[in-house]
Amino acid sequence: MTTRALLAVLQARLWAQRRIVFYSCAAAFVAGLVQPSGYAAPLFLCSLLGIACALAQSPGLHPHLDRAEQSAPLFGRELARAKALVPCLAAALAALIYGCAQLLRGAPGVPLTLLVAAAAVGAATLTALCATIRRGSTRALYVMLAASTSAVAYALAVAAHSLLAELAFCAMVAFFSLRQYGEALARYDPI
Amino acid sequence: MPLLRMRDATFAGGTTFVGPVSLELSQGEHAALHCSSAPEAAILALLATGIVKASNGCVLIDDYDPHVQSVHCKRIAGLVPHEPFLLDEGEFARYVAYRAALWGIELGRAQTHAALLRRRLTGMHESFAYPLIATLIGMPRLIVLDRPQPAYARLILGVVGRRGVLSTHTDAAAARAFCPNGPAQLPVTQA
Numbered sequence: 001m002t003t004r005a006l007l008a009v010l011q012a013r014l015w016a017q018r019r020i021v022f023y024s025c026a027a028a029f030v031a032g033l034v035q036p037s038g039y040a041a042p043l044f045l046c047s048l049l050g051i052a053c054a055l056a057q058s059p060g061l062h063p064h065l066d067r068a069e070q071s072a073p074l075f076g077r078e079l080a081r082a083k084a085l086v087p088c089l090a091a092a093l094a095a096l097i098y099g100c101a102q103l104l105r106g107a108p109g110v111p112l113t114l115l116v117a118a119a120a121v122g123a124a125t126l127t128a129l130c131a132t133i134r135r136g137s138t139r140a141l142y143v144m145l146a147a148s149t150s151a152v153a154y155a156l157a158v159a160a161h162s163l164l165a166e167l168a169f170c171a172m173v174a175f176f177s178l179r180q181y182g183e184a185l186a187r188y189d190p191i
Numbered sequence: 001m002p003l004l005r006m007r008d009a010t011f012a013g014g015t016t017f018v019g020p021v022s023l024e025l026s027q028g029e030h031a032a033l034h035c036s037s038a039p040e041a042a043i044l045a046l047l048a049t050g051i052v053k054a055s056n057g058c059v060l061i062d063d064y065d066p067h068v069q070s071v072h073c074k075r076i077a078g079l080v081p082h083e084p085f086l087l088d089e090g091e092f093a094r095y096v097a098y099r100a101a102l103w104g105i106e107l108g109r110a111q112t113h114a115a116l117l118r119r120r121l122t123g124m125h126e127s128f129a130y131p132l133i134a135t136l137i138g139m140p141r142l143i144v145l146d147r148p149q150p151a152y153a154r155l156i157l158g159v160v161g162r163r164g165v166l167s168t169h170t171d172a173a174a175a176r177a178f179c180p181n182g183p184a185q186l187p188v189t190q191a
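These protein sequence lines are chains L and G, in that order. Residues in the first sequence are numbered consecutively from 1, following my numbering. Residues in the second sequence are numbered consecutively from 1, following my numbering.
A couple of the hints might just be wrong.
[To be verified] Here chain L is said to cover these stretches of chain G; the calculated rule only asks that three of the stretch's residues, wherever they fall, bring their Cβ under 8 Å from a Cβ of chain L: (1) 45-52; (2) 58-65; (3) 71-77; (4) 91-103.
Keep in mind that the hints were calculated from the coordinates and are not lab data. Every residue, glycine too, gets a C-beta built ideally from N, C-alpha and C.
Modelling step: build the complete structure from the supplied sequences, incorporating the hints.
Written out as structure tokens, the structure is:
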């Protein structure tokens with residue numbers, strides 16, 4: 001896939017979902033201003049926003065984009081990577097804005113909070129992406145898996161006091177989720 | 001060599017069963033399939049463009065098998081969906097740029113081509129013209145029309161030119177409008 005095609009998917013999808021991205025960023029900013037410092041708020045809130053952005057990639061919400069992507073001469077895995085970037089970028093932006101709001105409040109340890117949150121957000125968002133091309137109970141299962149990914153990441157970072165374990169766990173989940181999404185998208189029949 | 005070859009092609013998924021369909025279509029030929037229902041027409045159009053893979057039988061697009069060479073198939077066959085595009089002019093210009101990026105076409109060339117096609121399709125409602133223009137800027141050799149409007153048959157066949165054209169219909173009169181030189185309809189056997 002060319003960089004141009006990748007950027008085109010990113011731009012078209014972010015433009016189509018600009019309202020969701022804007023409201024996510026606004027919610028993150030308000031939460032960053034009013035929340036005390038700590039990992040819970042950025043990790044769970046931004047993961048939730050990431051899951052919402054991922055679910056917004058579901059087929060049918062922007063039919064003209066879906067049709068173009070389905071009929072474009074691209075491999076399923078390439079398209080999966082491009083589509084996965086969209087909610088990840090939106091959620092990362094929300095996390096960054098949360099961090100900016102915390103900096104404005106003068107909260108300590110913002111870079112570390114951002115790192116912990118960004119890792120969990122990426123893993124939860126990519127897991128939730130697998131729900132977008134499924135229906136019924138399987139879809140609900142993937143959303144629950146995404147939510148539990150955030151919970152495990154929080155437990156590793158806060159309860160087990162192991163930042164490295166949290167980062168490793170999130171990297172592993174993100175890798176397998178992206179692979180799974182690519183495989184599913186390659187076999188996906190839009191009927 | 002035929003552009004499209006379908007041999008007892010069937011699609012089976014859940015409660016949906018379509019086919020078997022057999023046909024051969026070469027460059028410059030037109031064929032119209034009269035289907036018993038709208039979902040059947042949509043699935044046949046998707047099968048003929050390689051977006052949906054045949055469950056049984058064989059579909060070859062310029063001798064490429066969509067099961068293994070879907071990217072090649074999608075370069076050759078272009079699908080014009082039945083659903084009209086509800087986009088304004090600005091959004092359509094963005095959409096042309098998006099498709100040009102996905103198909104790896106120079107932006108200026110795609111925009112000029114789209115403007116030229118829009119002029120040639122004067123008299124056709126833009127909601128129906130936009131999907132056709134969007135497909136044609138990808139320069140496919142085979143055009144598959146999913147339930148096109150019979151009122152615009154002359155205009156559509158005029159801009160399609162010497163390409164192979166397959167259209168699916170749920171109405172016999174519409175099928176005749178799109179297949180003036182050949183058989184009005186090809187038999188579609190419902191299992």
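| Given coverage of the stretch 45-52 of chain G by chain L, tested with a Cβ cutoff of 8 Å and a minimum of 3 residues | Answer holds; 4 residues pass the 8 Å Cβ test.
| task | Go check the stretch 58-65 of chain G versus chain L for me, would you? Three or more residues, Cβ under 8 Å, otherwise it fails. | result | Violated: only 0 residues of the stretch 58-65 of chain G have a Cβ under 8 Å from chain L.
| request: Closer than 8 Å, Cβ to Cβ, for at least three residues: run that test on the stretch 91-103 of chain G against chain L and report holds or violated. | output: Contact hint for the stretch 91-103 of chain G vs chain L: holds, 8 residues under 8 Å.
| Are there three or more residues in the stretch 71-77 of chain G whose C-beta lies closer than 8 Å to some C-beta of chain L? | holds (count 4)
Comparing the model with each earlier hint shows a violation of hint 2 alone; every other hint is respected.
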